[in-house]
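Each chain, letter by letter, is given below.
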Amino acid sequence: MLIKLDVSTRQRIELVDITAEVKRVVKTSGVREGVCHLFCPHTTAGLTINENADPSVKTDLAAELSRIVPYSDNYFHLEGNSDAHIKASLIGASETVFVENGDLVLGTWQGIIFCEFDGPRQRKIWIKI
Amino acid sequence: MLIKLDVSTRQRIELVDITAEVKRVVKTSGVREGVCHLFCPHTTAGLTINENADPSVKTDLAAELSRIVPYSDNYFHLEGNSDAHIKASLIGASETVFVENGDLVLGTWQGIIFCEFDGPRQRKIWIKI
Amino acid sequence: MLIKLDVSTRQRIELVDITAEVKRVVKTSGVREGVCHLFCPHTTAGLTINENADPSVKTDLAAELSRIVPYSDNYFHLEGNSDAHIKASLIGASETVFVENGDLVLGTWQGIIFCEFDGPRQRKIWIKI
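Top line first, the protein sequences correspond to chains Y, Z and V.
Every letter in the first sequence is one number past the one before it in the working numbering, and letter 81, counting from 1, is 81.
Every letter in the second sequence is one number past the one before it in the working numbering, and letter 96, counting from 1, is 96.
Every letter in the third sequence is one number past the one before it in the working numbering, and letter 93, counting from 1, is 93.
No wet-lab data here; the hints were simulated from the structure.
Incorrect hints may have been included.
As the list claims (entries may be wrong) - Quick look at which bits of chain Z chain Y covers, simulated, 3 or more residues with Cβ under 8 Å: (1) 68 to 77; (2) 82 to 92; (3) 103 to 109.
Even for Gly, the Cβ is constructed at its ideal location relative to N, Cα and C.
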């Protein structure tokens, strides 16, 4: 079954920790052991797994991505969001995480982070377990 | 079953939309619901999911990747394609997409894009559904 | 079943070919055909698939990643390893590879590479087949 999770973003570039929401979906699914596939159905956003303890990691990641892929760089795409498309491809649209004993298993410091690169918007995450 | 799809590229760096070919493979497989794993068996090419409506997104992505990872940068690898190997690792070799009602499901603007970084060549994409 | 593989790194940034170890896990599992999901449970390391024939490809990839994401760049995170977190998100935490006839199948030149960005450390790779 394909489950759709809502994510609201409030800034143009914003990294949102969605670990708790994904954990809830996994627990509700009743699956005891398996894999959980996460998919971002947008072309100017992505999914990554990184530290969710110190929020400054997300701040640094967002700032450094904008240094690597600047907002303006003689792009051809006329919508003014080429940087967001490129950041999305660098970060990636899908992640696969594991389910054990009916719960999501991640490393000690890991969280699942939705990466908004062209917000604010109402976004979705698709999940299959 | 592992299905192999052919992709021909005509330039050194070329981003090719392979969504229609992957959709055909999914429909032919008869699978109604599940996940479709895509794998690029090459070390100088990759797979990404991004906009397939305006082709300038692909142009911008290719150009920006070559700005981030220049063709020459004091590399040690003697084959003259280190930039292609590095771009491949930034973009990634695998993608996981969902199948619903016997068809591939992607976001409104999404396409599956084969990223050639050291062409022109005859390439393969491996698919498991 | 979730299998945990040990990886020891000896330098701050080190790319380690773990293909042989993953192949051994696949063969021991007895699975004849399917997918093998690899997951890195760390936030300052990642997994990539790239050339394992000429070691200079790994050297070039490590050096270029440090040019793209420098060790120091006015980061806020106070642990002195922001670059490692950012490199980890660019490379990614998960990979999906295929199993055929009881063995891992990769392209001719491909290997599975554990990317240490904040070593030396004792690390784990999680595997589900």
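To see whether the hints hold, each was checked on the structure:
no.	hint	verdict
1	68 to 77	violated (count 1)
2	82 to 92	holds (count 3)
3	103 to 109	holds (count 5)
Of the numbered hints stated above, the single one contradicted by the structure is hint 1.
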